[in-house]
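S.K.: So you can see what is in the structure, the chains are spelled out below.
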Amino acid sequence: MLQIRNLTKIYEGGVKALDDVSFDVPDGQFLAVIGLSGSGKSTLLRCINRLIEPTDGQILWDGMDITKASQEEMRQIRRKIGMVFQHFNLVNRSKVITNVLAGRLGYVNPVWSFMNRFPKEDIEKAMQKMERVGIEEKAMDRADQLSGGQQQRVGIARALMQDPELILADEPVASLDPVLAHSIMKHLEDINKLDGVTVMCSLHFLDLVHHYADQAVALNEGKLVFEGLPKEIDDERFKEIYGRDAERIG
Amino acid sequence: MTDKKKNNNKKASPRRSISIGLITLLILIVYAYGFQVTKVNLEELKNETRQSSLQRVIRALANPDLIEYDQLEQVVNFPILTPCQPDGLLPSAPVHDGDEPFMVINPGCAEPESTIQVEGYNFGANRTGSVRFVPGNDPTSILSLGKEVTETDDDGYFKLTMPLPDRPNDEVQYIRTTISTNVGSPYLTKTATDTWEKIIETVFLALLATTFGTFLAVPLSFLAARNLMKPVRSPLTSISLSLIGWSLGIALGYIIVRWIGNLSSYLNLYPLLDLLAVVLVIILVWFGMRWAMPQAETSTPGRGLKFLRTLVMLACLLVGFFGLFELARLTISVGKGLIPALGSFGFLGNFMFQVGDMVLILTSALGALAAGGAVSSALSRIGLQLTEKLPAARLKLINFILAPFAVSIILILGGLLVEWLYQIGNPVVYLWGPLITGIVIGLIMAAFSKGKDALPTGMVIYTITRSFLNGLRSMEPLVMAIVFVIAVGIGPFAGVMALGLHTIVSLGKLYSEQVESIMTGPVEAVTATGANRLQTIIYGVVPQIVPPYISYTMYRWDINVRMSTIIGFVGGGGIGFLLQQNIRLLNYRGASAQMLAIAVVVASMDYVSSVLRERTV
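From first to last, the protein sequence lines stand for chains G and S.
Just so we're aligned, residue 459 is where the first sequence starts under the working numbering, counting upward by one.
Just so we're aligned, residue 68 is where the second sequence starts under the working numbering, counting upward by one.
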C-alpha cells in the first residue's frame, strides 16, 4: 500500500509543482496519472522514489515514510521501485545487456560492479527478462542502434531486473507511435496482472487510460482534481481536468 | 509609423557619427600606443647590414644540414712570373695526363697588379672553388692571396680574370686553383643523426606526458564537475570525522606501508623467493576478496560476519601491499638482469627496472592514500549514523568537540607547509596560531550549523579543485619545466614531468566540462535503480564521456608534441635543446634541420590524431 499524504513540492524560484496532494494506491493496482503537460505528473512520480526531494508531506510505503529515509535506506527502497521513462533514458553507448543489468546495481556488490562483473544468475535473469519483452536477439547491440519501441522495452527489462514491487512509468508511450504504444502498455499490463506489481503510469491519451488502468488520478496545476475509476471521466470531468478549451481526441 | 522612424534616424545620426568618430579615434590611439610599446620600426629592415645578414640566415635555413658527401680536393698549381723576366722566357707548364685537371693562364707573365686570364679544364663539374696567388717560390706553401671564387660548368671548365697582387719576385710564383668535388654516395650528417635521435626523444616525451596526465586528469575531472559535486552534501559531524579520518589514515597508512616495505626488503635475496611471494599473494588476495565481497546477497549479513569480512578485507589489503612491494622488487631485479642480457633491446630491461622503481615509490603514497580514504569513509559513515540517530542537542555537543579538532588539524597542516616554504621558525605562526584559529572556526561552525543540516561539501571540493586547476593551468609548461629541471635534473624526464603536470590540469578542466554537459536521463535512470553514487558515475556518466575524453586526449597529445619541441629550451630534453644550441652557435643550417624535423613531426601528428579522432568518436 502506497499512501501519499499532503505531498507538496515547490521548486527553487517558487513554482508550485505539487500542491497538497493526497491519495492511496493499493498493492497490485494499475493507476493512471493524467493531466496537462506541466501539471505535476512527472514531479509526483519522481517524488515517490525521491529523484526529486519533496518540500513537504509524507509518502508512506507499507507504513514506512519514504521522505524520511536516509541515503542508505533510500537505496534499499529504490531498488524495489522500477522506473520507466518517456525518453527511455538508456545509456546509448552501452550494450543492451549492460543497460538491462544496470537494474541489478542496487543488489550486487558495488566493488564487482565497478569492474562490470555481474553474478551468473543475474546475467541469466537479464536474458529471461529480455526474452519476455522480445529483445533477446539485440542483447549485444548498442542501445542507440535500437528503434524507439525496442529501446522502451529495454527500459522495461531494466525495471524488471529490480524485482520491483512498484513500477513508476513516466509517460512511457509519449515518444512512440500508437501501435507501439499498445505493445508497450501490454507489457506493463502483463507485469501488473501476472506479477502483481503495482504500476503508476502517467498517460496522455484517455483511450489508453480506459483500456489499461484500474484507477485514475488527475492533476491540474499541482492539485489533485480527480480520483476515481477511468470510466467516471465524462465530458464534464474532462473539462475540469484539462480546462474549458480542451477537446477529446481518442 | 514610417515618419516616426525617419525622425528617429535623423535625431540619432549626428550622435551616432560622433560616437563612431570617437571610437575610431580611440582605436587609433590604442594602436599608436601599441606601436610605441612594441617598438615597431621598419627602418631597421632597410638597413643594409641587417639585410645581408638576414639573407645569409635565410639561405642557411633554406639549406638544412642533412646530407653530405666525402670531399675530394682538386688542387692545381700553375707557375707564373711577375714581373716578366727580361729574357722573355716563360716557366714551363706542368705536364698533365688526358683526364687530369689542368689550367692555362694568359699571359704567362705579367706585371704586379695587372690582370691575367685563368682557364681550367677537367675539374669536377658544377662546383665552386677558389683561384689564388701563391707568393714565394714554393707550390706547397699554404699561404695564398686573393679572394677569387670560380664556378665550373658542366664539363668542368672555368674561365676568369684576376688581378695579380703587388708581389714582385724574380723566381717563379704560382696560381693555385682549389676545387672540391663530392665523391661516393651521400650520407647523413652528424646533425641529421642527432636530430633524428632527439626528435624520437621528443615524440616519446609527449607520449609519456600525455599518458601520465590523462590518468590523473580523469579522477580530477569528476571532482571538478559541478553537476556531480553539487548533490554531495554531508552533515558537520560527518565532515569533521572524515577530515580527522583523512589525516589519521594517511599517517597510519604511511607508517604501516613503510613497515611492510621494510619487511619485504628482507625477502629480497633471491628473485625466485619474490616470485613465489607474488604468486602466493595474488592467490590469497583473490580468494580472500571473493569470500569477503560476495557478488550479490539476498539477506543482509549479521554483525559478526560483517566484522569478520572487514578483518579479512583488511588482511587482504595488507597482504596485497606486501605483494605489490614484492612485485616491484621482482621487476627491479629482473629488469636489472635483463639490461646486459638483452643487448640492444636492453631498454626493455631498463623499462622494467624503472617501472618497478616507480611502483616502489608510489606504493607508499598509494598505501597512505588508501588508508586515508578507508578510515575517513568509515568515520564519515559513523558520522552519518550519529546524525540520523542522535537528537539534535546531543549532536551539537559532539560537533562542538569534533569540528574544532578537525579544522585545527587541517590548519596546522597548512601551517607546517607555510613553515616549510618560508622557514619562519616561529611556533606561534605554524603551530599555536593555526591551532587556536582552527578551534575558533570549528566552534563557530558548530554553533551556527544545525546538527542535522547537510552542508554543501561537494561544492567546497569542487571550488578547491577548480581553483587548483585554474591556478596551475595559468602557469606555462616552460615555467614548470624550470622547476622540474631543478627537481630531477636537466633532461627529458623534467620535460615529461612539466608537460605531464600541465596536461593534468588542462585536461582536468576540459574533461570536467564534458562531464557537466552529459545527458541527465541515463544518470537519473541508473540512480532510480538504487545504485550508489560511484555506480551511477560508472554506469551512467562514464559511457557518455568516453568519446569526448578520447578526442581531448588526442588533441592534448598533439599539443604536447608541439610543446615538447621547445621544452628543451629550458633544459627539459627533446629537440629544443639542439635547436637552441644551434641558434646560439649561429649554426643556422643545423637549426634548419631541427626545424624541419619539428615541422614534419607536428604535421604528421596532426594528421594521425585527426584520423584517430574520426575513428573513435
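Treat the hints loosely; a few may be bogus.
[What the hints assert, rightly or not] Taking lysine-lysine and the DSS-like style, the derived pairs with C-alpha atoms no more than 25 Å apart in a straight line are:
1. K596/G with K583/G
2. K538/G with K403/S
3. K526/G with K538/G
4. K681/G with K697/G
5. K373/S with K578/G
6. K456/S with K517/S
7. K538/G with K517/S
8. K474/G with K576/S
9. K681/G with K257/S
10. K644/G with K474/G
11. K553/G with K578/G
12. K456/S with K403/S
13. K644/G with K538/G
14. K651/G with K689/G
15. K644/G with K583/G
16. K576/S with K297/S
17. K578/G with K538/G
18. K463/S with K373/S
19. K474/G with K553/G
20. K576/S with K526/G
21. K456/S with K596/G
22. K373/S with K456/S
23. K697/G with K576/S
24. K644/G with K596/G
[What the hints assert, rightly or not] A partial selection of chain G residues facing chain S, derived with a Cβ cut-off under 7 Å:
25. M459
26. R463
27. N464
28. R537
29. L563
30. G564
31. N567
32. F572
33. A597
34. G654
Just so you know, these hints were derived from the structure itself, not from any lab.
C-beta atoms are modelled at their ideal positions from N, C-alpha and C, and glycine is treated no differently.
S.K.: For each hint, tell me whether it holds in the structure or not.
M.R.: Going down the list of hints, with the structure as the test:
1. K596/G with K583/G: holds (15 Å)
2. K538/G with K403/S: Distance ~57 Å between K538/G and K403/S Cα, so the pair is violated.
3. K526/G with K538/G: Given that 25 Å is the threshold and the Cα spacing comes to 17 Å, the pair holds.
4. K681/G with K697/G: holds (15 Å)
5. K373/S with K578/G: holds (24 Å)
6. K456/S with K517/S: holds (15 Å)
7. K538/G with K517/S: violated (33 Å)
8. K474/G with K576/S: violated (36 Å)
9. K681/G with K257/S: violated (85 Å)
10. K644/G with K474/G: With a Cα-Cα distance of about 34 Å, the restraint between K644/G and K474/G is violated, given a limit of 25 Å.
11. K553/G with K578/G: Between K553/G and K578/G the Cα gap is close to 17 Å, so the pair holds against 25 Å.
12. K456/S with K403/S: Roughly 58 Å between the alpha carbons, so the hint for K456/S and K403/S is violated.
13. K644/G with K538/G: holds (21 Å)
14. K651/G with K689/G: Within the cut-off at roughly 20 Å; holds.
15. K644/G with K583/G: Status holds; Cα separation ~21 Å.
16. K576/S with K297/S: holds (17 Å)
17. K578/G with K538/G: With a Cα-Cα distance of about 21 Å, the restraint between K578/G and K538/G holds, given a limit of 25 Å.
18. K463/S with K373/S: violated (30 Å)
19. K474/G with K553/G: Answer violated: K474/G to K553/G is near 39 Å, above 25 Å.
20. K576/S with K526/G: violated (37 Å)
21. K456/S with K596/G: violated (48 Å)
22. K373/S with K456/S: The hint holds at about 21 Å.
23. K697/G with K576/S: violated (53 Å)
24. K644/G with K596/G: holds (20 Å)
25. M459: Hint on M459/G: violated, closest Cβ of chain S at ~21 Å, above 7 Å.
26. R463: violated (22 Å)
27. N464: violated (22 Å)
28. R537: At 3 Å from the nearest chain S Cβ, R537/G passes the 7 Å test, so the hint holds.
29. L563: Since the shortest Cβ distance to chain S is 4 Å, the answer is holds.
30. G564: holds (3 Å)
31. N567: holds (5 Å)
32. F572: holds (6 Å)
33. A597: Where the cut-off is 7 Å and the nearest Cβ of chain S is about 16 Å from A597/G, the hint is violated.
34. G654: It is violated, given that the least Cβ distance between G654/G and chain S is near 20 Å, above 7 Å.
Checked against the numbered hints given earlier, this structure breaks hints 2, 7, 8, 9, 10, 12, 18, 19, 20, 21, 23, 25, 26, 27, 33, 34; the rest are met.
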